[in-house]
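Number of protein chains: 2
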Amino acid sequence: MTIEHDHEQNLDRLAELAVKVGLNLQEGQDLVLSAPVEALPLVRRIVAEAYRAGAGLVTPILGDEALTLARYRNARESSFDRAPGWLFDGMAEAFAGGAARMAIVGDDPMLLADEDPARVARVGKANAMAYKPALEKIANFDINWSIVSYPGAAWARRIFPDLDEDAAVARLAEAIFAASRVEGEDDPVAAWQAHNERLRARTRWLNEQAFDALHFTGPGTDLVVGLADGHEWQGGASSARNGVTCNPNIPTEEVFTTPHALRTEGHVRATKPLSHQGSLIEGIEMRFEGGRITHASATKGEAVLQKLLDTDDGARRLGEVALVPHSSPISQSGLLFYNTLYDENAACHIALGQCYSKCFRDGGDLSAQEIESRGGNASLIHVDWMIGGADTDIDGIAADGTRVPVFRKGEWAS
Amino acid sequence: MTIEHDHEQNLDRLAELAVKVGLNLQEGQDLVLSAPVEALPLVRRIVAEAYRAGAGLVTPILGDEALTLARYRNARESSFDRAPGWLFDGMAEAFAGGAARMAIVGDDPMLLADEDPARVARVGKANAMAYKPALEKIANFDINWSIVSYPGAAWARRIFPDLDEDAAVARLAEAIFAASRVEGEDDPVAAWQAHNERLRARTRWLNEQAFDALHFTGPGTDLVVGLADGHEWQGGASSARNGVTCNPNIPTEEVFTTPHALRTEGHVRATKPLSHQGSLIEGIEMRFEGGRITHASATKGEAVLQKLLDTDDGARRLGEVALVPHSSPISQSGLLFYNTLYDENAACHIALGQCYSKCFRDGGDLSAQEIESRGGNASLIHVDWMIGGADTDIDGIAADGTRVPVFRKGEWAS
Numbered sequence: 001m002t003i004e005h006d007h008e009q010n011l012d013r014l015a016e017l018a019v020k021v022g023l024n025l026q027e028g029q030d031l032v033l034s035a036p037v038e039a040l041p042l043v044r045r046i047v048a049e050a051y052r053a054g055a056g057l058v059t060p061i062l063g064d065e066a067l068t069l070a071r072y073r074n075a076r077e078s079s080f081d082r083a084p085g086w087l088f089d090g091m092a093e094a095f096a097g098g099a100a101r102m103a104i105v106g107d108d109p110m111l112l113a114d115e116d117p118a119r120v121a122r123v124g125k126a127n128a129m130a131y132k133p134a135l136e137k138i139a140n141f142d143i144n145w146s147i148v149s150y151p152g153a154a155w156a157r158r159i160f161p162d163l164d165e166d167a168a169v170a171r172l173a174e175a176i177f178a179a180s181r182v183e184g185e186d187d188p189v190a191a192w193q194a195h196n197e198r199l200r201a202r203t204r205w206l207n208e209q210a211f212d213a214l215h216f217t218g219p220g221t222d223l224v225v226g227l228a229d230g231h232e233w234q235g236g237a238s239s240a241r242n243g244v245t246c247n248p249n250i251p252t253e254e255v256f257t258t259p260h261a262l263r264t265e266g267h268v269r270a271t272k273p274l275s276h277q278g279s280l281i282e283g284i285e286m287r288f289e290g291g292r293i294t295h296a297s298a299t300k301g302e303a304v305l306q307k308l309l310d311t312d313d314g315a316r317r318l319g320e321v322a323l324v325p326h327s328s329p330i331s332q333s334g335l336l337f338y339n340t341l342y343d344e345n346a347a348c349h350i351a352l353g354q355c356y357s358k359c360f361r362d363g364g365d366l367s368a369q370e371i372e373s374r375g376g377n378a379s380l381i382h383v384d385w386m387i388g389g390a391d392t393d394i395d396g397i398a399a400d401g402t403r404v405p406v407f408r409k410g411e412w413a414s
Numbered sequence: 001m002t003i004e005h006d007h008e009q010n011l012d013r014l015a016e017l018a019v020k021v022g023l024n025l026q027e028g029q030d031l032v033l034s035a036p037v038e039a040l041p042l043v044r045r046i047v048a049e050a051y052r053a054g055a056g057l058v059t060p061i062l063g064d065e066a067l068t069l070a071r072y073r074n075a076r077e078s079s080f081d082r083a084p085g086w087l088f089d090g091m092a093e094a095f096a097g098g099a100a101r102m103a104i105v106g107d108d109p110m111l112l113a114d115e116d117p118a119r120v121a122r123v124g125k126a127n128a129m130a131y132k133p134a135l136e137k138i139a140n141f142d143i144n145w146s147i148v149s150y151p152g153a154a155w156a157r158r159i160f161p162d163l164d165e166d167a168a169v170a171r172l173a174e175a176i177f178a179a180s181r182v183e184g185e186d187d188p189v190a191a192w193q194a195h196n197e198r199l200r201a202r203t204r205w206l207n208e209q210a211f212d213a214l215h216f217t218g219p220g221t222d223l224v225v226g227l228a229d230g231h232e233w234q235g236g237a238s239s240a241r242n243g244v245t246c247n248p249n250i251p252t253e254e255v256f257t258t259p260h261a262l263r264t265e266g267h268v269r270a271t272k273p274l275s276h277q278g279s280l281i282e283g284i285e286m287r288f289e290g291g292r293i294t295h296a297s298a299t300k301g302e303a304v305l306q307k308l309l310d311t312d313d314g315a316r317r318l319g320e321v322a323l324v325p326h327s328s329p330i331s332q333s334g335l336l337f338y339n340t341l342y343d344e345n346a347a348c349h350i351a352l353g354q355c356y357s358k359c360f361r362d363g364g365d366l367s368a369q370e371i372e373s374r375g376g377n378a379s380l381i382h383v384d385w386m387i388g389g390a391d392t393d394i395d396g397i398a399a400d401g402t403r404v405p406v407f408r409k410g411e412w413a414s
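For the record, the sequence lines run as chains A and B. With this note's numbering applied, the first sequence covers 1 to 414. With this note's numbering applied, the second sequence covers 1 to 414.
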């Protein structure tokens, strides 16, 4: 009884946090909310909370794993290049009209693991191309947006394969509530203000240093990641161009910025598996020359990785570099979540593909051409993968070649 | 065990019927499908069946009763004039691009019964205005479309208030499967071909007669409904302008055409309650002069009725007249379904508001101006209500004043 009560109460607190801190939804603002149907207990709370906060209109877009699978299992070959452009264009129109965006994740990350990777890649590319106008408004922070998560049963069973479903869901729920700072906090909204302040102190220091590059070393890794000209470090709360400060990821532990698309050199080994569109890619190793991936391999899922890199030219270059100490609560949970929202907050990581245009000084006003000239990468994809661990050292390299310790043994050096 | 098995099998057959007969979905055609989440057992079957039939892309739009209520219970007053225009415009774009349309109904028809009728009417009007571009493509039969139903629990409990939920759902499921001609038929697709042929024989005769008006008499009713110039009777299967023959309603028992917006005279009394946007309107009586409603009353829900009539000028004129014998299987079930898809197929009915432009000879090619000049009505609404029963007589009145018996005591006169 007590556990059930806590669970309900924690869902209430997560919904409040999602609307007040995640979105910081404004009086009269519309909201486009996507979620799996399984997450309805949280969706219903968030919608009620959004209206209590003064939402104009909340439009839910509910998905269902079985409907996704029904396509792979029954459709003609020609179906797999199609995407609902009219729906995505409509979302872009809603964002252009001022609507905020919330996504609730909770689906089985391995849903498509048994499907033909070529089909999965084709659907992914068709969706990415069709979703581009909407995604740009999110990636450019035209609007306030946020991603939160719900403990879906299939997801829980992936993480805890030895537990029965109820126990697995309860464990995942605990992990979500703890990482999202709603469990064990008297006032989750205040706890997030303090958390945002700690992250801001880190980004302030990094921005003062204005490093030219970061040098990552660790087992299998010796990688110099050039940083974009005029890059800006960000983390935690973010100010969207509509003037609203939101927390785009709940949870979040990272500080991140834009690397230079042409200036990454060396080799790097993943420290955790990458869960991508239903496939698990393990043992990733890559080599970079002039910012471009010239060699990539994986001990498992290499075909999916190669398809991903073949999406476009920008898919072979970096769009994000992020720092997360090994002592991060998500890292310390010891869990592999098979979900970027969690796993990227367990370790330092880099992302293939599209950069965040906001991660530049005066970022809100740069044209695509200006971003490119400063070294910002462009791609249909943005895929994070983990390169940090307990043995990761990072040096910051200044323009004059001076080195400053940033991480030692997986932790902030100062 | 047997019942459960039959239920699953009947859902399979209904899904097949919906795709093959309801939509007649074409190879490579996209589909936009809306449904309540509760109907997922049928939605999943229809999506799989659609892909097996060669669907390009099926896009589901899932709704949830609790999310609808969350708005009424929590939103600011200004929210109730808002509608998701971007989503409806997107649907119109999908239809323009050739997508078919399916709606699965199954929600609680009384969901909004306890909400402020003024708010319900404002939401209804905002949605109707925003949905107009999409609805026009459906009402004009630009594309093949179909509505089928699912036995939702709240709906079932409205119809069978004395049964427990499981028993109520089982009874409603039986009624849906019987009315939809999937239960008790060896080959539901063939059964629908025969049913369509019987309806076609009725429309052929009515079109040969080309009556100037119909004269309804019965308890509380003495109403002459003028028919539009060049009207055409339709029923059962319908050929959409994209060349596809579909069955837009499953079930269907009616034959129907377009009345003349300026030529209905007399008084009429409803024979069944009207369930409209969550309110039940009972004991409707209306008076028509020159096609316009000059007096309307109801013994219950009159405020909702008056709001409805105030939507626009066309809401006070007729857009459809339909004939259904009292011996129709849905009528004989003796049930009030609180759902137009069923109740309109239990009795002769008329509809306030928008006409079907297709119900004209050469209907596919008429401009809005031509439709108006022939007497076709225009409105944001289209609301059917039942005026036929066991005592209904109908005479057809030819242009020269000759009278021909059409119905006697609720049945076809010949």
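One thing to keep in mind: the hints can contain errors.
[Said to hold, decoys possible] These stretches of chain A come out as covered by chain B in the derived footprint (C-beta under 8 Å, 3 or more residues):
#: 1; segment: 33-44
#: 2; segment: 53-59
#: 3; segment: 67-74
#: 4; segment: 84-95
[Claimed, not checked] Calculated cross-link-like contacts (lysine to aspartate or glutamate; reagent style DMTMM-like; alpha-carbon spacing at most 20 Å):
#: 5; chain 1: A; residue 1: Lys125; chain 2: A; residue 2: Asp89
#: 6; chain 1: B; residue 1: Lys300; chain 2: B; residue 2: Asp116
#: 7; chain 1: A; residue 1: Lys132; chain 2: A; residue 2: Asp89
#: 8; chain 1: B; residue 1: Lys132; chain 2: A; residue 2: Asp89
#: 9; chain 1: A; residue 1: Lys125; chain 2: A; residue 2: Asp81
#: 10; chain 1: A; residue 1: Lys125; chain 2: A; residue 2: Asp310
#: 11; chain 1: A; residue 1: Lys132; chain 2: B; residue 2: Asp89
#: 12; chain 1: B; residue 1: Lys132; chain 2: B; residue 2: Asp310
#: 13; chain 1: A; residue 1: Lys132; chain 2: B; residue 2: Glu93
#: 14; chain 1: B; residue 1: Lys132; chain 2: A; residue 2: Glu165
#: 15; chain 1: B; residue 1: Lys358; chain 2: B; residue 2: Glu16
#: 16; chain 1: B; residue 1: Lys125; chain 2: B; residue 2: Asp312
Simulated from the structure, these hints should not be mistaken for lab results. Values in this document were obtained by computation on a predicted structure and should not be read as measured data. Ideal placement from N, C-alpha and C gives every residue a C-beta, glycine not left out.
* Asked: Can you list which hints this structure breaks, lowest number first?
  -> 14 and 15
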